[in-house]
Structures are given as C-alpha cells and as structure tokens.
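Chemist: Using the sequences plus the hints, can you model the full thing?
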Amino acid sequence: MNLNDPKLTAYALDELDEPERSAMSRAVAESAEAQRFVDEIRGLASALKSEFAAEIEKEPPVLSSGSESALELAQPSGRTELSRTLTDIHDDAWFWSIARPLAIAAVLALLAVVSGVAVFSLRRGNVQLAQGELVRLPAISSKPADVEGEFQMPMEVSPPPATTSSSKPPLAAGAPAKAVNGVATKSSSLGYALNKTLAHPVSPEEAFRDIRQRASEFNTTTYDHIGENPFLDAKSNPLSTFSIDVDTASYSNLRRFINTGSLPPKDAVRVEEMINYFTYDYSQPSDGRPFAVHLDVASCPWETSHRLVRIGLKGKEIATDKRGPSNLVFLLDVSGSMMPPERLPLVKQAMRLLVEKLTENDRVAIVVYAGGPGLALPSTTGDHKEQILEALENLQAGGSTNGAEGIQLAYQIAADNFIKGGVNRVILATDGDFNVGVTNQGDLIRLIEEKAKSGVFLSVLGVGTDNLKDSTMQKLADKGNGNYAFLDSLDEARKVLVQQMNGTLVTIAKDVKIQVEFNPARVASYRLIGYEKRMLRKEDFNNDKVDAGEIGAGRTVTALYEVVPVGALSNPAASVPPVDPLKYSSDERSASTPSTSSNAMLTVKLRYKKPDGDKSELVERAVTDAGGNFGNAPVDLKFAAAVAEFGMILRDSEYKGNGTFAAVLEWAQEGKGSDATGYRAGFIELVRKAQALKKG
Amino acid sequence: MRDGKIETGQHFEEVIKRFEIPLRQYAERITGDREQARDVVQETFIKFQRNGALRRDDQPATWLFTVCRNRALNVCRKERRIMYLDEDLIEARDSEQPMPFDELEQKEATGFLLRIVATLPARQQEVLQLKFQNDLTYQQIADIMKTTANNVGVLLHTALRALRQRYGESARDFIPFKPTTTKRK
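Here the protein sequences line up with chains S and P, keeping their order.
Reading the first sequence from the start, the letters are residues 1 to 696 in the numbering used here.
Reading the second sequence from the start, the letters are residues 1 to 185 in the numbering used here.
Quick caveat, the hints were computed from the structure, so don't treat them as lab data.
Don't take each hint at face value.
[Unchecked claim] Rough simulated footprint, nothing fancy, chain P against chain S, three-plus residues with beta-carbon under 8 Å:
#, stretch
1, 9 to 19
2, 36 to 44
3, 49 to 56
For each residue, glycine too, the CB sits at the ideal point set by N, CA and C.
Modeler: Below, the structure written as structure tokens:
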C-alpha cells in the first residue's frame, strides 16, 4: 500500500465517497502499515482540531460582543475606511449560481481529459466529481478561460514559464500557485507523484503511540466510522495482540439511548465494553495466579461455517471483609454543567452508597473542582460516616470546570495518605466538561499518565449525556490505570460501587496483555471482535513499558474471536471473507512455516504485572478445536455471542453475518443461565426495545 | 429559487457571532497582523451585509472565507508582502523555511502542533486551518482557495505527512520543537 497516496489521507478524514471509500477501507484493512498511518492521521486531525479550537476560544469577539456594534456595522456609510471601493468579483450573483460549479466541473473535465489524472470522488461537495459524469461536461469546457480569469487572485505575480515548472521535480505545496497559469498547467501539477518529496524516513514508532491513540477519539467526535478489526490472514499475521478492557460504560450509555427512545450512534457502541458489562461464571484461579484463563470453541452462530473462540479471564475473588485498607479520594466535578439531577445529585447518591460500605480502616477525602479546586473534606476515616455524608450533602453545582487543578490536588492527597499494600484510588465523577485550565485533552491525559506512576489507581464515573466527553473519560481511565463506568441510574451506581465494589476498587493485576498465536495449519483467517481501541503491536507484548488494562478482584474479562478454519476454504458452502494474498512473500515460504504436526488451533499468551510490580509474568494456554456446536456451547459463551452480535447489529457492522435481533434474543435466552443479578434479563429487554425502535 | 428576503437583522448577527473569530484567525494567518486581520474581517462582514446576506442565507461559510481571503491577500499586496505568493512559486522548501517561531512562542496558549504548523508553507497552513478549525469539506476549501478538491487533498496530505514527520522528530528528541532552523535573538 502506497502511503504517499493523498486518497489515504482523504479516507482517514472521511472525505471519500463510495465506492472509493469501501475499496480504500478494504485496502487499509489489509495493511498494518496503512492502518497505522490512518490512525496517525486521525490522531493528528483530532489534536489539530483541539489546538485550533483553543485558538478560537482564547480570542475575545469584537464585532459580536454586543448587538450594538453589529448594528453599527450594518451602517457602513458612517465609516470612511469601510466605504472603500469593493472590487471583488464575488459580489456578483453569478458567482454562486454559475461560476463555482462551472469552474470546478470545467477544470476537472479538462483534468480528466488532458492529463488522465485519476479524479477521486468527493462527498458532501456541491458537485459530484465521479469520473463518469465528467464525460458529459465538454460543452462547458470552453468556459475555463473566463472563469480562470475571474478567479484570479487580485495580485498575482506573473506566473513562471511552463517550461520551468515542468523541469522541476513535483512540488508539494508549490502546485496550487501554478494553477493561476492556466488550466493546463494546473493539471500537470496535480499528479500524485509526490513520492520523492515525501520519502522522509518514518519517525520512530514510540513517538506515535500517543497520537495513534487519539485516532479513535477523532472518530467518536466527528466521524461515524470506527474501523472495525478486519479478518486477518493467519499465515501473514499469526499474532494478534491487545490489552484487556474492563470498562463497561458503552453498555450503560447505549442502554440510556435505547431507553429514551433512540438507537445509539454507531460510534457509541464499543462491543468489548458491552460484553464485559456482564459477569460470567468462570471458575476462579487455583494455581496461585491472580486470575484464571478459560478457553472455549464453538461454531459461530451468525456464520456457521466459522468458529467462535472465547477467551475468558476471571480475577481472584476477594471477600468484602478481606479487602485491604482503602485510601480513597473522591474527585467530584461540581461545575455548573453538573446541576441536572442525573449528574451531581446522582453522584452524591452513588458516593453515599460507597461510604456506607467503608470501615474505620478506610479513609475518604473529597476534592471538588469548579472554577478552582477545593478540599471539601480532608482525609477522614470511614467510621466518621456522618461527617463524610454531611460534606457530600453540602456540595452544590456551579461555576466552570478546572479539571486539571482538581486532579493535581486529588492525587496529592492520595499520595499524602498512601497505604502501602492497600487500595489507593482516586474516584473521579464528572460529565467530562473540562472547560477551564488545561483543557487540551492531550495535556490532561499526560497529567493523569504521570500521576498514575505514583501507584494511585483511578476510577472514572461518567454522568450526563454528551458523547464527546465519553471519549475523554475513557482515555483518562485508560491512561490512569483505571476503569470507567457510566452511571445512568442509581441501579448502575449500586452495581459498580456496591455489588462489584472490590472489582472496581481492588486491582489484582495490571498491564494485562493478551497475545494470541494462531496456527495457520488450522486457521485460515481470524477477526477479534471489538477491542479496536485496545490493539497493541506484537512487539508491545513483551515490552513492560507499554501500558495496558487492569483487572479488579472477581472481575471477568471476555474476548471473542471469529475464526475461519482452514477447512472452510475447500467448502464451497462456507463464507470466506476476502483476505488478499501476500504480495511480497511467496506462498511456498509461508506454507512451510506452519507446524502441521500440532493440532492446536491457537495459543493464548498473557502478560500481567502485580499491582505494585514493574516486571510482567507470563501465562500460556493452547486450545484445540473439538468441533463443538453453538447449541452445546456453555451458556456464558452463548450469552457473550448474543451481546457481541447485538453490538454488531447496532453498529451495522459489515461482519454481523446472518444475525438478527430475533436471533440475538434466542441466543440470549439460551445463555441467560441463573441470572441472579437480573442483568441478563435486562439485556433481553433492551434488545426487544431496540428491535421495536428499528421497526419504528 | 432562493427566498428573496430573509430576516436580515437576526441572521446577520448570528453569522457574525459564528464566523467572526474563525475569520480573524484565518486572516491573521495570511496577513500576519492582528489589526489588519480585524479590518479585513470587518470589511468582509460589511460586504456580506451589502451583497450577500440577503440572498445567501444557506451556506455563508464558503462565501465569507473566499471574500476574507481576497481581502487579506489584498492587504498583503499593499504592504508589499508578496512572500505568501513567492513561496508558492518558488518551491516547497518547508524544511529550511524561516519561521515566525519567536513570535509564536510568545503566544502562550499556542499548542505544540500549531507551532509546527507555523513552519509549513503558507498554503499548507491554510488548508489545515480551513479543514481543522472550520471543518470545511475538501470541496469547500477548493472553492475558497480557487483550486480543485484533488489539489486540496494533495496539500492536506502533504501537510499532515510533514506534521507527522516533525511531530515524530521532536517527540523523539524530547525537545518541544527543533529550533535548528530558527533564528533566535
């Protein structure tokens, strides 16, 4: 894949129209390099957007500061300097009705004819620039001379002779200036032959991790399109590496959408967070490790010729009374935006639930932040409940948000009261609307990342409704060695802070990474469902400096792979997703690599660190496909599959296969199990509502 | 086809509110001068009021940026600051470009990336600003800059690649920005 193709950038910025977008999407999916490039471009775009936005925010308006000046402006004759002769040709009405489409069409028509440069079609423009349509435009191609003349910038210096321009190497930014020279010259400077100028050495990977991670954020705020993990060829990509994710926010967020009568936007649907919202009945570790690993294989219900592989982790349970002493700092956003009942009042109720559970061994401090940070309660032991509850009660929302200062203060207090071997955690509750101080997301995230090194963990409790902030909070939790839950109700608060209190508060292993090695003798291709924001490079697996997810006491983490078995290739009835053959390595070479002697389908390797450790430990498990059917699969696998497919349907994923809401309901019923908590019944209810919404 | 009349007063104010600062930033990046940028924007709005507001209620963005750009370039010409054009005509010698680094450094809130942006050729800066500050499409940007959408694609691609490159370099060296090509006092 050619990274010098401007179309790749256009794709990353979602400027391509169909069918080019799909074609590019497929091409990108096949190339890890291109994927990285696209991610980096999106990351850069996101970073640029926020910096450009900051530039706007810090400017005071002059004209629009009051209606008076605007009205004054409406009387231009009063001010001599403003009554200057206006010469712009754009005054004329025809500019809008004729010139623009004409000029564009004409220029492009000529382009297509004269130079044969590929013209890619653009979305949202006024003119559809598909090549086929250009053929119909020669009638207006006599216009460009006029149009060009009219369009000329007022002070063009005389253009360089055409010969000089053609003798030069292709210019990057120089091209547009030559455009004034005439249409023909314009076309010659338009080619994509930028390879020479752009052949800089690519910068070190490390430098881009940060910016790559912003890519998804760009998606959620502006673009519908989150690139889903594609099917990858097991021969050329035998390793699949990702970080575990214990966040659950996406599920409660989309539940809020559906319960209020609308289907969630696609980008709000993160399948792994949906799957991990539910607790699965995996058995506990018995080998002294902090967690147990469970592997299952069954047929894939939405594409029966494929296999579904489940990787389940179960963190060691810690009885409530065995929890170590806790040093908690509530960091509560009390800015004006937190005023609605489902924000600060809900947070206060949630905190009250948690405080009820604390004992004299625990400490709580409350830091609030609005215009400036404040200490609402110094670190106080858990037996002084009334004092704590009173401090909570007195909190009022008002003012703007200086998140960064609050974070500084909260971590300072957590460090001052640090309990070695205990639970040290900042619990941040916010709608994410940081609008004073360090508002740049990157800076905020760097701050959290720095603070996380102190051994203090972070929980982020999101409230409110804004989708944009969702990504900020996810990122904060990710970088702050933390977890992120979205509180849409008091019930959800009870689940996160009471029922799963130890899972939320007590980290039993950190930087948990999974690397799956597929056996190409058994697996033709595979796809990791969800976890798009958690993908790691294969070399990150053994690099202990690379951050990954944490697992809490008793928590379960589940990942699903959809696998195309080698046998499916020879079965005409099977659906084989397109995976392009390798271009640069011969098939013989790669065909000799697989260990055909092994029956194993795949090997799962896990690395994790102890909560206070720096060195990772390794666990390995292999699994062989016994050919089991989905019908006989464990109930938990059925349920997880139902949740995954529900997510894919909501995302309108190209990988959703034959699944329907009705099928999801059926699998979820079969996989409901004992459902002591009632969450699975709640899921089934939710699917029904979504089904009804879809029907309209 | 178009409504001949719309409620101009209110609409006009909304347009000013929405576009004043983005236009000023845009004009400032072209002229390099705050005061002139203000004048340019004021003139742009007057023009909009006189000629545009009445019949162009739908999509003022392209119109405003186009007029603003012309005015800003006019100012540059009057000031004999032809650098803007020069640069395009000569070459994309972005790497050895003298940059207004000192000046930019004094703007405290200027982000790290924007400082790198300031070292790019003018037209690349312009597309970045139109795209990422004003969220315009390739086609709208092409209309404003009087070029083609394809060309906007090339410019943007080139600019982002250069940014990506330099971002990588500066992150590697742990220096906020590599000042090797700047002239420091």
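Chemist: Now tell me if each hint is right for this structure.
Modeler: How the hints compare with the structure:
1. For the stretch 9 to 19 of chain S, the assignment as covered by chain P holds, since 4 residues bring a beta-carbon within under 8 Å of that chain's beta-carbons and 3 suffice.
2. Given a C-beta distance limit of less than 8 Å, the hint that chain P covers the stretch 36 to 44 of chain S holds, as 3 residues qualify and 3 suffice.
3. Given as covered by chain P, the stretch 49 to 56 of chain S passes the check, having 8 residues with a CB less than 8 Å from a CB of that chain where 3 are the minimum.
The structure agrees with every numbered hint stated previously.
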